[in-house]
Structure formats: C-alpha cells, structure tokens
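Peer 1: Below are the chains, spelled out letter by letter.
4 protein chains.
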Amino acid sequence: MSERIQEECGLFGVYSDTVCDVAQEVCIGLYALQHRGQESAGIVVNNDGNFRTHKNIGFVSEVCTQDAVKKLGVGKIAVGHVLSAYREKEDRISPQPLVMRYKKGNMCVAHNGAIVNAHQLRSELEVGGAIFQTLCDAELIAYIVASERINCNCVELAVANAINRLQGAYSVVIMTHGKLIAARDPHGFRPLCIGKRGNTYFVASESCALDALHAEFVRDVEPGEVVCINSEGINSIKTHCGGQGAFCAFEYVYFARPDSVINGQSVHMARQKAGEILAQRYPAKADMVCGVPNSGLDAAIGYAAASSIPYGVALIKNRFVGRFADQKKIGNSEYSESVRLNALTSAVKGKRIVLVDDSIVRGNTLARIVKTLKDAGALEVHVRVSSPMFMHPCYFGTSIRNRDELIARRMDKEGIRRHIGADSLGYLESDDLAKLVCDCNMGLCTACFTGEYPVEVPEVEPQSKYDRKLPI
Amino acid sequence: MSERIQEECGLFGVYSDTVCDVAQEVCIGLYALQHRGQESAGIVVNNDGNFRTHKNIGFVSEVCTQDAVKKLGVGKIAVGHVLSAYREKEDRISPQPLVMRYKKGNMCVAHNGAIVNAHQLRSELEVGGAIFQTLCDAELIAYIVASERINCNCVELAVANAINRLQGAYSVVIMTHGKLIAARDPHGFRPLCIGKRGNTYFVASESCALDALHAEFVRDVEPGEVVCINSEGINSIKTHCGGQGAFCAFEYVYFARPDSVINGQSVHMARQKAGEILAQRYPAKADMVCGVPNSGLDAAIGYAAASSIPYGVALIKNRFVGRFADQKKIGNSEYSESVRLNALTSAVKGKRIVLVDDSIVRGNTLARIVKTLKDAGALEVHVRVSSPMFMHPCYFGTSIRNRDELIARRMDKEGIRRHIGADSLGYLESDDLAKLVCDCNMGLCTACFTGEYPVEVPEVEPQSKYDRKLPI
Amino acid sequence: MSERIQEECGLFGVYSDTVCDVAQEVCIGLYALQHRGQESAGIVVNNDGNFRTHKNIGFVSEVCTQDAVKKLGVGKIAVGHVLSAYREKEDRISPQPLVMRYKKGNMCVAHNGAIVNAHQLRSELEVGGAIFQTLCDAELIAYIVASERINCNCVELAVANAINRLQGAYSVVIMTHGKLIAARDPHGFRPLCIGKRGNTYFVASESCALDALHAEFVRDVEPGEVVCINSEGINSIKTHCGGQGAFCAFEYVYFARPDSVINGQSVHMARQKAGEILAQRYPAKADMVCGVPNSGLDAAIGYAAASSIPYGVALIKNRFVGRFADQKKIGNSEYSESVRLNALTSAVKGKRIVLVDDSIVRGNTLARIVKTLKDAGALEVHVRVSSPMFMHPCYFGTSIRNRDELIARRMDKEGIRRHIGADSLGYLESDDLAKLVCDCNMGLCTACFTGEYPVEVPEVEPQSKYDRKLPI
Amino acid sequence: MSERIQEECGLFGVYSDTVCDVAQEVCIGLYALQHRGQESAGIVVNNDGNFRTHKNIGFVSEVCTQDAVKKLGVGKIAVGHVLSAYREKEDRISPQPLVMRYKKGNMCVAHNGAIVNAHQLRSELEVGGAIFQTLCDAELIAYIVASERINCNCVELAVANAINRLQGAYSVVIMTHGKLIAARDPHGFRPLCIGKRGNTYFVASESCALDALHAEFVRDVEPGEVVCINSEGINSIKTHCGGQGAFCAFEYVYFARPDSVINGQSVHMARQKAGEILAQRYPAKADMVCGVPNSGLDAAIGYAAASSIPYGVALIKNRFVGRFADQKKIGNSEYSESVRLNALTSAVKGKRIVLVDDSIVRGNTLARIVKTLKDAGALEVHVRVSSPMFMHPCYFGTSIRNRDELIARRMDKEGIRRHIGADSLGYLESDDLAKLVCDCNMGLCTACFTGEYPVEVPEVEPQSKYDRKLPI
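Each protein sequence line maps, in turn, to chains A, B, C and D.
Position one of the first sequence corresponds to residue 3 (our numbering), numbered consecutively onward.
Position one of the second sequence corresponds to residue 3 (our numbering), numbered consecutively onward.
Position one of the third sequence corresponds to residue 3 (our numbering), numbered consecutively onward.
Position one of the fourth sequence corresponds to residue 3 (our numbering), numbered consecutively onward.
Just so you know, not all the hints are guaranteed correct.
It does not matter which identical chain is used: a pair holds within one copy or between any two.
To be verified - Listed below are the simulated DSSO-like cross-link pairs for lysine-lysine, each with C-alpha atoms no more than 30 Å apart in a straight line: (1) Lys351 to Lys198; (2) Lys240 to Lys437; (3) Lys415 to Lys181; (4) Lys181 to Lys105; (5) Lys351 to Lys373.
Hints were generated in silico from the structure; no laboratory data involved.
Hey, can you work out the whole structure from these sequences and the hints?
Peer 2: Structure, rendered in structure tokens:
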C-alpha cells in the first residue's frame, strides 16, 4: 500500500432554472473531482422537493453508471460527493451526500474537511437525545443546522449561525427544497468555488470541474461566506468573512488538480514555481530532471526549466492501477509496488538524475523508488521535495498517520537522505510556500510543516476517532 | 402484481454466553422468517461493543450470502431483520436493523409493526432539532429510547418509558454493548417469542425460527413486557403488562407460518379450524376440496375433513416465482399470473370444486383463479374464505391498500360472488375468529373486519405517508 | 445437501411468423420449466440470422432479468434452456443453449438427456481434428449434425441422420437461420411437446410451459421424430419413429410438474394413482396421511382418498430455501435441514402417520424426517414410497450417485425400514408402474428399478465423466 | 468516443517447477499489459492437467479480483490474456484464453494478432465438419494445431506445422498438461518475449510485465520460433525462423508501453528519437513543447531536448476516465471530451505551443484539442506527429476503421492542417521509421503508412468480419 497522504472529499452542486438532467451534470463534475476521493461516490437529485439518492462505495465510474444516473431522473437542483477515507475499513465508510428530514422539510448535506470539535458537539447533542447513524461530520453539520433553524427564519441563516459552533475545516454544500447553499469555514481551509453556464449555477471543490462542464468560473466562495442560490439568484451572508485565511498549503502541493485555479492561484504554476525554487536552492550536476509520477511532474518541469537540465522520464506509472482501491485488489503481494511504477531503464542507465517528489511521509516508498532507479543503472539520484519537511499531524481533513510515522520527526535531513538512499536531498523551506502562491488571495495553513495550527486542536490525534467503537 | 396483503417484517436476535458465529445463527433465523418480508434483509453482529452491519435490498438468500455472513465475524450478540414494503419504490426502502450511536454508546434497533402517532412524535422531535434519515419507525423508536435514556439509568428502563410515548404496534429487538432487549407493545399486536438452546438465548417473531435452530421455545414476550437478556440472564420489566391484548387476527389467518405457535395457539390448527367452521356454515355439494396455494391449503384440509369431501389439488403454484420481488422481474406481461399459478386440468375437469382462500382484498386475483378453473373444465367453483369480510384499513403494520380498493366496501357478498365468478361464496363471521384460537392466551385485534380499533388511529390513512415528499 | 435425484434440463423454443419479443416468451417458458434445472439458464434470440445470447449460472429469476431479456432484442425464433448439474462444481457448468457457426451458417443447440456413446463419439471426432470446448452433449450433437450436414441438403435431414450415430437420451431443440427443429431420441426417454398460439409455435419439455403462455397443446414430439418448423409450417421426418418407446418412469414419479400431461398421461394423476395402489397394497392403521413436500403430496392425496384416512400436513417446507442452489448458500451447517423442513408439531403430536415420499435414494434424508416427526410426538410413522426400490444407476440424464450409494443395493426392505426408523415400509412394485400411466401412449424405461436398460450402456458409470481432467 | 487506434491483446504465461500461486503471477502480468486491451481479461491455471478458468468482460481490476484469483487455486503453469475489441458490441466479445479438449488432452490457447486467411481456413474446416463457437482466431489456431497433432508426435511440432497453414500476425501462448508453448508468426508482427526468475519461466507480450514480476528478461521469441517450456527446460523449433521480419511499427509509435524493450529497442527511446527528428525536420518558433497525454509525451520530450524549447504541460488528462470502457459510462454527452482532457490555461495563455501527438486517424479529436488550447489563450499551436501519414488499413490485429475514415486518404497535409486548426503541421516520413529503431534487430511492417503489406491480404477489409452474421 502506498503511503500517500489522502485528502478527504470533493463536492459538487448544480442549480438550474429549468428541470433538466442535473444528475448527468453532477456525474461529470464528480469525474473531474475523482482525484479528491476514490472510496465512495454519490448523487442526490431534487425534483420539486422529492430527493432521489444514489450512492455507494467505489469509483465514480463504478457507482454512477449510466443506468444509475438515468434512474435518478430529472430535477432543478442536485448535489454530488466523492469521498476519500484512507485507512478506513470498507464497512466504516458512509457515502455522502447525506439526506435527512428536519423541521422544515428535506435537507441534503455534503462535506469536505474535518470538524475539530466534533467529539464535544456530538456529546452535547447526545445529552439532548440525539442519535448518530454515521461517523461522518456531514451528519453533525446537519444536526447543528437543524437545531439553529429553530431559532431563525431561513436555512441559510441557520447555516451562518452554525458557523459559530462548528470549528475546523468545512466546505459544505447543502440542498433544500428550493435552495442550493455553499459555505466555507471562516479560515477557508478547503476550496470551494462558483461557476455559471447560461442560467445554470455550479458549486465545485475545484475549478477543473467547471471546465469539464464548459462552465465559466465566477469566483471562489469566500472564507466564512454562506452562498445561497435559489430562484432569485445568488445571495451571500458574509457575517463570518474577513478573518485570517488559512488555506491548506497541501492543496497546492499535492491534493488539487494542476489545471485548477484556487483562490486566484494556478495549482500547476505553484508547483512549477516550487521546482524553480528548488533548482535555485539545491542545484545538482545531473543529466536529467524527472518527477515521481504524477504528483512530482509539475515541479520537475519547473526544476528542469530553471536549471537547464533536460526534462525526462525515469519512471512509468501503470495507469490501470488506481491509487488505493485497485491496489487492494492486487493484494499485499511483493509486486504491488513494481506493477504500479517501473523504471525506464533505457532512459536511466548511466545517468545522473534529479528526482522531484511532492512530499515525504514515511519515506519507504521513495526509498524503493530510488533503489529501483539505481538498480536500473542510474549513477546518482538527487531527490528534491517540493514541500517543506512534514512534521505535524493534520486535524483538518487529511488522513495523515500518527506523528510517529512521520519520518521527519524521527530523523534529520541527513538521516532521511540515507534512509531513502539518495545522493543528495533538498526540501523547500516553509518560508518558500508563500512564494509559490503569489497570486493567492488569502493566507495559508502550514500547520503540518510548522506546527502552528490556525485553530485550537484537540489533544488526541485526529485519526484515533476510527478506533473507537462506533456504529458504521 | 398480486394483491396480497403484506405484513411488515420479521425480527430475530441471539445472545450467546460465548463468542461464536452468531451471524450464521441469525441467518438461519431469517431464512425461517423470510415469509414475513422479502424486500430487504440485514444482520448486525456485536463483538464486544463493535457493531458490524450487513444489510441490503433482496431475499435472505441474496443478501446474506455465505461470504457476507463470514465477513460479519464472531460475537456474543446479533440482531437480524427481514422487511416487507409492499407498494414501496425500491429507493424508499431502508433495510433494518438500524445502528446508531447515542448517549451511552452504540444501539441497534429492529422493528415490526407501525407507530400510529409517528407523525406527531417526529414533529415534536424535529422541533427539538432532530433530523431523520429514514422513513422507518425503528429510527423514531431509537430517538425516543435515546431521549428517555437521559432520565433513567439503564436502557431497558428507557425502553419501558418509551412505551408511554409510542402508540401502535411495535415488536422491537434492541441491542446495546452488553444487552439484548425484546419488547412488545402493550396490546401485543405483533408476535415475539423467546427461545433457548444451552446457554444461548433467542428472540424471534415466530417459533418456527426457533425450530430451525433446534432451540427450545421458552415463552412469548408478554404484551407490554420489556425483556432484557445480558450476562446475568433474563430479566423483565412488566410495568406496561396486564392490559387488554389485541393480537393481529390476520397473523393467524395469513401472515404467520403454519408451523408456528403464537400466544399458545398453533397457527395451522387455527386455519384448519377455520376450514371446519366454513364446512359447517357453508356446506357444498362437491367432488373435491382445494386450497388456493399456499395460504388456503390448511383451511382446505379442515374443510375436507369436516365435510368428508376428498381433499385434492386444483392449482399448481410455480415455486420459483416469488411472491413479489420475482414477479417484478417477470414484468407486467399478460403471463405474469399464469406462470405463477396453473390449473391442474386432469384433476379439475368435470368436477365440482370447493376452493378455499384466506381472504379477499380486491377480488381480482381470485376472479382470475376461478376463471382459470372453469376454463380447465370445472363444473362448479364454490369459494370459501377463511376470514371475515375485509372492510377497514390497518394502521398497525400491514400494507393494505386504501379503503376504496377493498371490494367488501364496494359490494355486498352477492356482488362479490358475481365479481369473482363463483357458484357460491362463504365467509367466516367475525364472531368465528375467537373460535379459531381457543388456545390463544390473549385478545385479538379484528379491526380490519369490524372497524373497532384497539387504539386511537389517525384520520389520514396509513399508507399515505409514502406519498409525502420525504428523504429515503 | 439433499440427496435428491436430479434430472437434467428443460428446453423451450418459439417460432413466430412476425418479429416480436420472443425473448420474453422464452423467459416465461423457462420460469415454468425451472423445476427441471436450477443451475443455469439461457436464451438465444434469432433476428434474421443474427443470434444474440444471454446465459449464465443461476435461477431464471437471477439470469433472465428484465434488463437482460430486453437487451436480447426482438426476433422470430428463440430457444431457451435451464440446466441441472447436481454434484458439479460451478466452474464445470456450461450454460446452454450452445451457439456455433457451421458449414451452413449459425446453429443453436439445447439438449436434455445424456448420450451414452459420447465418449466414443468424441474420440472419433478428436481423431479427425475436432476440439471440444465444453463437457456438454449439446456440443457433441452439434458436431454430429454439422458433419452430417455435409452429406445431405438440409439441416433437418442432418439431424435425422445424426440419430443413427447418437445413442441414449436426447431431446433436442435446434435453431438455424430460418428453422426451429425439435427432435426426440428413438426411445423417447425425455419429454418434448409442441404448442401453438395463433401463428406462433412453441416446443417445450413439458406442457405446463405451454399453459403459462396461454398456448394450446398440439401434441408430443414422437420418439425418433424430427420436427421442423419454418415459414412453411410444421414438417416431420419420421424415419426413426415406430420403435419401442422407453419413456423415463421417473419423470412421472418425480421429475415432471404435476400439471403437465406427457405422452397423454397427466403427471398428477399418475402420482395420485401410485398413492391409491399403495393404499391397497400397504394399508395402515393411522390418523393422518401426509406427503413429504413437495414430491410426495400428490401420492399422499391418492393414499388418503383410497384409505379414507384424513389427509393432513405434517411437515412445513420453507419455500425460500431452494432445492440446491440456496442450500449451498446456507452452508453445511447443522441447521441446513431443519431450516428447509419443519415438523408441524400441533398436527403430529400423538398421531399415527402415513408418510408418503416419491423415492428413497440413500435414505438419510428420510431417516432425519422420520426422526423429526417422532421428536414432534408422532406415535407411529408408516412410510410409503410411490416408486419401486431404486437399485440401478441411470445413464440417460439423471444425476444419480454411483450404485454403492443406493441404499436398496446394500439392504433389504426390512433393513431400510430400520435405517429410516419407520414403523412400516411399503414400496410400489415395478409391475405397478404400468398401472399408474394407463393413458400413456408409449412404453416406459424402468431401468433404475429393474436393471433392464433399453439401450446398451457403457461399463463405466455415467457420473465418472466429471472426474476426468477435462476443460470447463 | 475517442478515435484511437486499438491494438488487440496482451499475452502472459508462467511455468514454475513447483506448484504455487501462478494465478497471482499472471494477474500481476496482466495488470502490466492492461494497456494492450481493456475489453476482457482471463486467467487459466493448470494444476496437474486440471484447467481452471476465470475470464470475463472488463478491466483486470474488475475481472481478476482477489477472490477470483484465489478461487483459481495453485498450479505449475498458467496463461493469461487481455483483449481489446474496439468497435465491438459487448455481446460479440469472446474473452480468452480459450480452453478445449483435443485428441491428446486439454489445451489452452491465447492469441494476439489476426490471421489473414482465417475465412478460408474456417471454410475448409467447416467442410470437414468443424463447428466454431466464437469469432476469435484463437479457436481457429486451436483447430489447426489439433488437426496437425494427428500427424506428428508432440504438440510443439504440431504448432510448428500449423505455421505452414496460418498466415498473418499471431503471437500465441499455448498450454497443455505439461507444457507452456510460445510462438510468433514468421514475420514477427506482434511482440513476445521470455523471462526468468529463479526456476520460473515467463512469456509476455512486453518486457514491462517481466519487470513487474521482478523477472529477468531472457530474450524475445524469434519470428517463426516455437518455444516449448516443460520440466526439461526450454527448447525451440526454429524451422520457420530466418525469414524477413516485419514487426509492427505502430507498436513503437503507440501500442507498447514506453518502458518495454522489444526486439532490442527501447520503446521510449524510439519515441524520443521521433521527437528529435521532428525537431530537426519541422522546427518551430515556440515557447513550450507539449505532448498530447499520454501517447505524445515521450516524443515531446525528444522535441524539447532537440529544439531547446522548454518542455511543459498544456493538457491535463483525467486519469479516472479510461480510454474506452469508462467513456461508454459517461455516455455520449457533450462533456465526454472535456472531462477527459482539460487545457492548463495558466500555462498556455499567451504562449506559442508545439503540440506533439503520435498519429492522426480521423483528425477530429486533435481538432478539438487544438481548439481547446486556442480557447485557453494559446497564440499558436504547431502540431507535430511522431509517425508518417496513416493511409492504409491494417490486417494484422489493429482495429482501424475502414480506409474512408482515414483523413490522410481524403486530404493532403495542408488540408489536414486546416482541418485541425493548427498553425503548422509536420509528420515523420516513412523513411524516418528505421532511424527511430536503430537497436531493433528485425525489419518493420509499415504497411499502414506505405501500403506495402508483408503478406498477401484479402480484398475485403478486415473489420468487416464483425458485420457478418456470426455467433458470439
């Protein structure tokens, strides 16, 4: 199994002024966001208040078959979700979106991120008689919104009030009978943007999903903003806007798709810039600059351009072996890594190689890759990492192993270099991160590199929640 | 599609004093209770507080495959459920048991029946901020129990307190970390009994499930009783016991399996007795007594014995065409009925036949059957119905079409006779019902025959709930 | 696992003069013939020479879903098949019909029975360069027909010529571009009949399938006859007709559906008559006559009528536990039998019972049933078997265990009585068989009772073929 | 739907001297060869002459699940196959390997390529009484080998003799009780190589599959060679070796994986060289060199290196949208292209781009891509094609549309340039092909570029075979 960091979830919503095949639009959107989560997929279609749901464990291509999408029927509003749930047992996964009935009718919630005070909020609600049928924060958000709705006269206001109680990272898309609501936590940890095509509005985790649907990018949802789309158009509640932004730096480094533009910053350009900075900071005498596919490729191009060392290919990735789900199918055989990634011997033999990757978590995968290249005849392998040293756990929706698994907590840079077998090793500095994202219109969360958390975090580590005895 | 009345759900629970393959025991129990519901099946296994669930739409043989049962692993306690949901669209079905987390940990609920004040209770809870993720009463029961649990110090007491708020028919099986709880509403509308094999306890909707597992029948759960099985054995809370029993007469007439003994009364014997009474009340000059398979067979045997007319077979039922689910697969073709039931021409030709069926709802199916027999050469067909005229809707867990569909509301007996094409027609009288169940230790609910409802019922008809715009 | 004898396969064909939904007609026909085989199902539709196939392992309800039937499209001719393959591993099953291309175009073959000289014919063909992709005799028949077709000028003549080379039991349905052909071996071991509805012709293993489709029974295919249906109507080649018929007696005893009429004889009436003869030959002082469901019920009715002992029910069969396939799903648990069949204690207790079954193979199942009844309180159990003692293996399409498993070869009647725990035991005599089928217009094969085989049989036992190392 | 050229099939075989999990090894091998065919996958395991098969329509990850692979059990020999069947209806696909019984026992055949005299051979065999159950050439090869086996005393000799009769492209892997045989047609159209790990031998379509299994590349199977691996090691029959080689040039251009080495030539290096030649022949004033992912990337790197224009990324491919199968799932929506490939606006805007692709078939896809780039702000798009103009149909296993669909037959280069909207257009010359593959130890088939076919080809076009009325 790979040791990749895994971000949790992609969101997509459509609001059309006419009844049409909104399910198919969501399906396309989810295909474009599939990189954000491959464990489950789901679509809910709202036809005049009737909510029809299709969701299941699996890839979008497995869950959202043409038959399934067709059965969802037509409507004016629809919401979709892809979920990532690294390390989870399959029977613990709760596919989203969640649909429920509350005081004012039906509500559908899809969520991306992590509520850091979830445990406390759940306890409070349980004391009031609440029952929880899943482990997912979408259910908690639904509860909070439903309880706020009692004291205010519209659901978008209830969402805005809920922000007072919910701490952490939460981009959410909520659908009611006649409204599509999109909101981002006050720090804006996770992305969420708005698009438009004719009279149809879209909300999506990333702009690449808008491109897939030939929709125009309108703008990002602001940190703390509650956007409500209904028959009267778009309206916003901005009472929680204006604070200190803390957008997840790892979105630029690894999670997001290179063709997305988030908070004004092209993801590809940020990564290419990271390669350029590495080339300046850690030059190397080498014959070829290569990236670890696919996450290191953009930075490798930047390194090659800045260093004038030719860009090349050292590793071929099997595109039929999915990141996580398919690897399970291969099993824990000794070949699960070599079937995924193979050295391009003819290109590598006798060469000095600069190898760019986006990050190092435990270092074991990278050690195997360096060994593969050397076995294939590479003379030298100079590793360059397009992010700072990764030393602190994430509480905001990223499934990162507990801190003891982070190699950067156990070794210094020289130790890591030896561990991975590289001839030299260079990381970005955390100060460099700001330089990557010159066009970004908000601050970054760099907690995993610096340990400076934008919000108070619990003392227990986040991933432990799945070890508690909980219902599915 | 058949116009059969459809009872909702079968319940099964196991409590073992050692960790063992409780999932397999539940699976066997559900096979034995499959006649109570063929729309979905589910099993939840409790291994020291860890709840693992497998449930889905389909027959037990489709859902509870050996692979699926094996993956549930071992445990000490387990609960299973089969669901009947006549008239429901597939995407409205919520398979049970329901698993949730509440104040004191995990809870699993399975339910059989119908809460008549569900709408009011849901509204009250929604005003308090509750959200509902399903249409099923098990979720409502879980909420009520969870809220009662706040004010008392054990879950069985919370269940007992919940009885004060829940009106209608509800046999429930509830599982927590260390307890298996079985309860029956104060009228005891639906069956529930206790069995034992060695140190393993069982609760089941019908005793036939105990037989399948070689377990000894211990006793029925009493109306209003809350039975709690844990490491200390069986204990009961009987604060709601002692009221007027109202066991569903239709369980004896049609729903239950003939080899079950409920409230001390053999189901087969009740049906055979019905045939005997019909023979006395409505004798016929005939060559052969036959039953409509399978529900009319027991009463036909009684009629034959009492009348000394030979028992015979007039209709062959295709045992590979399931009652509802498989018929959907055949489609609405003109052959859906003839593939299900065929006349035995060689036995029927030139004969005068007494044909016994358990009930008449709309009368269309029976009309087709009588025509089939006459087409096959039957000289006369004398229909005898082993229940009274069915005139009033049921609010207690039986999916009966709205009252306008009941033929007995639109026609008198002679009209019905002509409609079905019979040469004579005889029904039981509602007074006869008590005579069928001489061994039954409690009163009967005969509301669907008499209109006398044991509890106050809502003005809207029960089935309309599915027409509201609700989440799945 | 049950020790039931298992007959192999049901055949169905349609020829319509207009392009229509022939796939749906075949589907209905297969539902009606499902009792003849539950291991696989298949349909081939011929639309102007284009053959579309859908076949798979499973029940008709699992394989021939509405989606699958719809995808087969329309046509004028279609063939269907259900297969029984008792004792086979799933990966050895070859669902039929088989479709192939031969000298003159496409051909589709479905087969019921067993070719006794298959091994020799295969060897001869292999010497000529033939390859075999399955174990099924349909493939062999296709080869023989294809090779005969070279020397004659129409396919129906090739089929007639093939009869010279094929020995054993083979009812076959063959479809070519423009023809539907039905043939029966010269002894007529297995049934096959012709039906008609308007301008649509049907061929079916049993008449019950014609009833399901509202078709009129025309006549049986004669032993040795080759019937050819095409745009010119029905024509026959009768060069192999007129020999000594040898219709499988077990079809009347057990295999066929009671509502079928085969060779002029009602199956139900034959079974009822068997009960009457048993009542005369082996009277008993008893309170109730019961059948082992479902195969003993008809004879029990005959016994009851002839003896004037009341007919009753002693055993309830779970109709959701299929004969073979579902039992695999339950696994080899100790409850696999009790979940399938339960004693009706209230009816049985304190009673002397005549229990009628159709046959005894190994005797173990019947021993368990007798024990179940005695455990339930039966005072005496008098077993009556509606067939003679079963002592010789079948080479004609019945999966019967090797001769050492037949209890009647190892014990005399008294020994069997003790083995099964009965208070008395009575079998039919082989001479009685002719009396059961007074209306039958041909002779019977009684080889399994008498050892007198109508055709020469190989020295090796038939079932051993599956133990050879063969491709799937 | 893409208009990609589609090569047919990947082969894999294992021979181990001990009984082990050969199915898992084949599974890994098929993952590595998945790019050669995504329509079906299959594995046959040989355990001492018992052949167990698992094959189905779908990706390796869908068909060869861990459960399925486990059920195949252990053995010493196994064969696997992935099939490509572009344009085929799903019900016409016959997954391989094919298993059959012939004169000497069981035989398993897997094939890659196309027999050009298949029609004639089939006709001859049909005249001899043969029947064909599939459309696939593997069945034909099995027939020919089986018939040759009659006149010689071992199967490998029969394979060698079969070469006399079989014309066209056929790399085959054949398995018998104790042998694994690999053969390549005398022209060596399709690749096939031998590997070794310890005492385990492998045969594979491409060397990348050997790498995945940590096996050492031994050598290519020679054109015309029949390799036989059994307990005595490797032996060869080379009676058909030594002729004029004609290896498919398109394997280097597009079909094969870049990390494979075929006939001594690295595929990646051939493609990179193509880019270098294009840079010399068709220089461009541009800011960035990009490839159409994934097939144009290697040549783009070569162009960039030779031209000193920076290498960059212009298009992001959605790696979750498979080449063919997944696109069907998306449907023919207007977004099927944009969800697959998106322009990287931030990198493209205001730039002059050299866009390298491997070939142009109809030109429509490339036209859309050029438009996408221009819409994203590209100032100029200079298209370079790393193969010559594609003008002639292929009869050797490549599913290429009929010649009228080839844009190069309808337009000259300038016409094509205008059609695709490029600012300039450059192709390789057919003379250049030899320069790409300096290390290749045999001749190339360049028929699709030059019309010079190495063997006589039929007058009808190859793809028409699927339009004939044939069985599945």
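Peer 1: Of the numbered hints stated earlier in the document, which are not met by this structure?
Peer 2: 3
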